[in-house]
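Enquirer: Each chain, written out:
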Amino acid sequence: MDRFISADEYKRRVMIIDDEEINRLMLGNILETEYEVVFAKDGQEAWDLLHGEEKDISLLLLDLLMPVMNGFELISKLNEDDELKSIPVIVMTSEKEAEVKSIKLGASDFITKPYDMPEVILARCERIIKLSEETTLIHSTEKDAVTGLFTRDYFFEYIRQIEAHHNSSVDALVFNIDHFHLVNEMYGRKTGDSVLVRVANTLEEVLKEKEIISCRTEADTFYVLCEHIDDYTPFIAKIQELLGNASGSSKIRLRAGIYQEAAKDMEVELRFDRAKIACDRIRGDYSRTVAYYNNELYQKSIYHERLIRDVDDAIANEDFKVFFQPKYDITSDTPKLRSAEALIRWQHPELGMISPGDFIPLFESNGLIQKVDNYVWKTAASQIRKWKEKYNYSVAVSVNVSRIDIFDPTLQDKLRTILEENGLDASELMLEITESAYADSANTLTEVAESLRASGFKIEMDDFGSGYSSLNMITTLPIDVLKLDMKFVRNMEKDEKSLKLVELIIDIAKFLDVPVVAEGVETKSQLDTLKDLGCQVIQGYYFSKPVPADEFEQFIEKELK
Amino acid sequence: MLTIEKLNEYGANTKEGLARCMGNETLYLRLVTSLTAQPDFDRMREQIADHDLASAFESAHAMKGVLANLSITPLYEKVCEITELLRSREETDYQPLLEEIDTLRKTLKELVEN
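First to last, the protein sequences are chains A and B.
Remember, my numbering sits 3 above the position in the first sequence when you count from 1.
Numbering follows my numbering, in which position 103 of the second sequence is assigned residue number 90; successive positions increment by one, without gaps.
Only chain B is shown next, with the shape it has when bound in the complex (with noise of 0.2 Å):
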């Protein structure tokens, strides 16, 4: 089950998280829970694969937006850096940041499950 210590560890900012969550611990919990099955991962994956970057960097944003509010740093930082390459349609090899995006999220994901 996921805690706020769990999150600490991470290197989420509760405090800040919890803040925009008017200090409901519950309510956010179950915001960070839910982020683990957002479909705005996968769908920026394939759009990138397809080359359709303008479509990519509108899932980037998204997800940004959410991490932005739900203050899951070590995340919202990679996809800061993805969204922002992808805003000036940068051609370049997306791989290895896709992969520290996805590592992070499993290791969420694990937060949630166990």
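In isolation and in its complexed conformation, chain A is listed as follows (with noise of 0.2 Å):
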């Protein structure tokens, strides 16, 4: 493999454009001393060449008066075009008027005819190369204060250059520091910084001799390439070994995600992009510390691109299912339809059914989950309204509100505003929030949930038992009614500690005086052990599974017989 080499070390690429054969020939022979030469006979087959096969063209050395397409007209249509006005030109002319328009038109310099000594045109040459890249590069400061690294823009400018003319293998490598914020938080900035450098100096260490270049990012994030290794195990664990020893604010733990062997076609900023997909797949799990880019991955990200870039059309063409599971009272002998959870699909016209586990999730994680929420609730109650109309009864229907919603100061306009177009009332729009959004901000969310019972809604917690809610808060609460988490129920018959928390849970309800309704019940078994302790709501597949609307409508029609 060929070992990288840097800016300064490579052969750049120069391009002669003359219709004078001799004179092509005669500079060519100059030029050839210190660079790659490629040659044109006009300003045509130049511009055929620069957008074809020559792509790292480091200076154009140009002639004027050609056939086909002259130099001044070559330099015009340069300057419009983004990708290759940034080349510099260098106009060769014996005339005194010539090199005047061609300097305004944008050329850097120019060499008279008959051509000067070899050392003057090499010199020449030299300088607009290098002013032409450093122009490029001023644009970004150089170097990171804090760590000594180059900087994001400046370490991707210097990429593209070398890889113009390099063609060595290389990885994309992206690190981030665990938990970085809690090190500025718990110990200053001042021991914030000291970590950030010692991460830059211990990458440095480990990976001197396969790096290229690397830099510094979004406070704790670091960037290098390196030249393609197949394994990055022993690496990655030496930089675990050096970065763990330490002690208090100085122990740290990195994350590497790696994209290995990207085709060079493919832009860098890109590569890098995919080597962090990589690296925060693995936040928070403790039992990794690198990961690889892969086509898993790949079709992954792609897979969730597609399904946010699709979640307004499928709202426009009602691709979302919103489908009903009923809820049973079991406190008498005969079980009584009680209300309905609304559940969402999603029937996509071209992926088929896709199932709430692979959107939910994604759109909580990016604010989406308003749009969807918001059409179940209006899709929720215009059902409601129709059961009412056909049947003269109403089916309380349960509709999940997320946490972002919550945050939302329209939230409470937004479902009232749904209530009076389908002349519904608070109490049959129930809304089921779950008990981790509670933990993570209760203070806004008691103030909103406490303000939407003022106004007549019925406030649900969802998946009671599987958050982390103090005994304190638990009794503060405004809520109507605790839903169990189903893990409890599918496992209270196989261990006695689900069975334990259960009856814990049904007695926190009585002290609240609230009814519990239990979901995921699949037999009769489960159901006569939550009568027994005391259980009142009943909700799962021993019932129903969740049904489109009208499938629903049996359960309604057993009801009113």
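FYI, nobody ran anything at the bench for these hints, they're computed from the structure.
Please read these numbers as outputs of a predicted model, since none were measured by experiment.
All the pointers check out, no bait thrown in.
Just the calculated beta-carbon pair ranges, DEER-fashion:
#, chain 1, residue 1, chain 2, residue 2, range
1, B, -8, A, 85, 49 to 57 Å
2, B, -12, A, 24, 20 to 28 Å
3, A, 57, B, 80, 45 to 53 Å
When the alpha-carbon atoms are kept at most 35 Å apart in a straight line, the in silico DSBU-like pairs for lysine-lysine are as follows:
#, chain 1, residue 1, chain 2, residue 2
4, A, 99, B, 96
5, A, 99, B, 93
6, A, 44, B, 93
7, B, -7, A, 99
The beta carbon of each residue, even a glycine, is placed where N, CA and C say it ideally should be.
The task is to assemble the complex, starting from two chains supplied on their own in separate frames and drawing on the hints.
Expert: Okay, here's the thing in structure tokens:
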């Protein structure tokens, strides 16, 4: 494998454009001592080559008077081309007037004919190339003040220049410090900075044989371009060892995402984006410190992008299907239909049925869940109205309210409008909020829930038992129903601990004076156990899976008989 | 076969021409040899005959550049003269100058061929 060489070492390519072969050969002979030389016999041929195989030209040496396309025409065309306009041009002429005109048009310099001494020509070419490359780089500050590594912009620009001339196989590495914000918060900025320096030094020390260039970006993220390595395991282990040996504030853990041997025609930023996707994937996973970007991950990120892109169409085309699962009151001998939960499915026109598990966490992470929630609220409300009109019977339906909705100041207005449009009472559209949302932002959530309850909405706390509510918090919760996390129901017959927890949660509900809904009930024996323990409401396959609205009607009709 | 000596006798500034070829004598002689087959001379003659002085100027100008680079001084000087006349589109009798240029070309050709 070729060793990568620095920007100062590699041979740049220059193009001589002149219709006179003698001139081309003579100048080519001079320039070949320092550069790889490409020839074109007129402006048109140069233009075609620059748009074809000759993509990495550092300098154009251009004659002015030529057939087909002359030098002035070529300069004008280059000026309008975003990719090519940055290539510096030295005009070759014997005419004083032409010198002025070409400089005004944007030429960097000129060489007079007959040619100056070769040393003069070479010096001019060298100066113009250097000037041009530095101008491109000068837009960004070269070094990060904290670590002394390159800055992100410089890093990418440098790689582009290097790669234009080299074809070695390289890998993109992204490193991120776990919980770096806590270091800053707990020990102060100065300590945080010293941690960054230590990471930079450690990366450099361990990867020095293979590293080509590295930079720091986004506070605690480091990018490294390395010559290809098949297995990074020993390198990563060494890095962790050096960083993990310290104590207190200096003890840190790095995560690495690696994208190996990307095709050179892929933009360099994109390669690092992919390494970062791999790196982000193991955030919070303490069993892993390195992840490789692979096709599966690529497919997954493409799939996610697709879902994000299609969400608006799905709403407009009603590809989201709202299903209803009945909840039965089991306090009397005959179970009685009490309400339903609205659950979403995505019938994608091209991808088929998409599981909520695939898109709900994704949309929760980027806020799109608000659109989906809003759609479910409207659809559910409209369905409640239709059933009321058809059966003169009201089935209360609970809908999910995501954590992000809670922070939406227009939440109450949105819900009110939906109720008004469908002539419903607030008690008919019940709102489910997960326990984890309570635990994350107790104060805001309590305020919002109280305000919703004051307007007549019923609040159900979903997945109770899976979050981390404190006993103190539970006693002050503004809720109307507790929903028992389905994993307790599933496990309560298998292990004593789950059964005890179910008992405890039902006791808490009694203390709060709210009913308990048990989800995920599949068998008669589960139902009996829950009933014995004092659970009032059951939801699950024992009664029915979630079904489309028209299928749900059988439950209403049965109830009415 | 063309040699540096022959070119010196002809009046070329071979020192200068060779310097532009980085001292590469083979290349220099090869380039001078190829000069005898330059189509620009004949093209210019035809263009003048057609009174297309603008095109003739371009041909003359191209030749001038090449001759300057190779430092073929005698021919260069004559081509310079005709280039300047053509630049100002001078309606003059170009024949004497063309003949002088032709003679110098023939001499050069003889140096190459003998």
